[in-house]
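Hey, can you work out the whole structure from these sequences and the hints?
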Amino acid sequence: MTPTTLTIKPERTWTWEQWQAGRAERRRLGNLVAPKNIRRKKSEGDEYLRETYGGERGPKFNKPFDPSADED
Amino acid sequence: MTADEITSALAVIRQETDLNSKALLLAGLVSELFRERGFEPVVVGGSAIEFYTDGAYMSGDTDICWTGLWPPTPEQQEEIMRQIPGIKSHGGVKSWGIEELWVDLLGEIDFRADRDLGRILTPFGQVILIPVEDALAGRVYAARCYCSGYDEKDDDCAKKLMAAVLKGDVPIDWDEARRVAACSKYNCLTQFEAVKAEVEAELAKSES
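Top to bottom, those sequences are chains A and B.
Those letters in the first sequence? Residues 9 to 80, per the working numbering, in order.
Those letters in the second sequence? Residues 34 to 241, per the working numbering, in order.
Quick caveat, the hints were computed from the structure, so don't treat them as lab data.
Take these hints with a grain of salt, some might be off.
Okay, the calculated beta carbon distance ranges per label pair [as the list claims (entries may be wrong)]:
| no. | chain 1 | residue 1 | chain 2 | residue 2 | range |
| --- | --- | --- | --- | --- | --- |
| 1 | B | Ala36 | A | Lys17 | 30 to 36 Å |
| 2 | A | Pro11 | B | Val45 | 19 to 25 Å |
| 3 | B | Glu112 | A | Thr13 | 18 to 24 Å |
| 4 | B | Ser239 | A | Gln28 | 22 to 28 Å |
All C-beta atoms in this analysis are idealised placements derived from N, C-alpha and C, irrespective of residue type, glycine included.
Here you go:
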């Protein structure tokens, strides 16, 4: 892995394992203050996204740790 | 990375079924390919917030800007991205598609925070994220100040990021965040404080 030349504080660094481990809690917390899925309906220049995803702007959300993520 | 290493990384990305993990792994691979050539990619926009929050906000693309001494030229961008087998481009060298995801290569990063970047160490490379202070102030501005004055999706996105920082999941420098919110680019300190108060109230209510 090539080191970055940028200065980044240790407390602002997450390992892959830390990031994965925190996902369910981050999602739970976010869902307390906003709907589960909040993807924009449109934005500039997203025609290639719609071509790729059958008219949508991205693939379906699929969160193995949160099977209800696709409900709304 | 060697061609074999890139192919192996792609195989892992192909098998990943979770959108956010898949996008983060791809961002790690692309970041590594540019970083090993001396460039410093930074993930910005909704995908950066998605990586910070897991908030189900991101679309199918990840936006990358550049910091460091110089950005890659269009020719360098193409040469580096073409190392990835099977990749396709859209709109010249700006948008790149692979494994049903898109990566947009944008310009030099324009942020107001004092460069307190975030970082996630993926198996394929480091993903550097725009400072959370900038991401939060920028999203509050987009939600409550830009154009029509209110955008529900951006507001929900700002609230999810605000919840993450209020709960300590993402470290933040509040003085710096307020300074960024008050800067001439955003000028949204009042709205920033309002979102903070609303989210604090919603979190308190949910915990009572």
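Hint check results:
Taking the beta carbon of each, Ala36 (chain B) and Lys17 (chain A) are about 35 Å apart, inside 30 to 36 Å as hinted. Roughly 22 Å separates the CB atoms of Pro11 (chain A) and Val45 (chain B), a value that falls within the hinted 19 to 25 Å. At about 21 Å, the CB distance of Glu112 (chain B) to Thr13 (chain A) agrees with the hint of 18 to 24 Å. In this structure the hint that Ser239 (chain B) and Gln28 (chain A) lie 22 to 28 Å apart at CB holds, the actual value being about 25 Å.
The structure meets every hint from the earlier list without exception.
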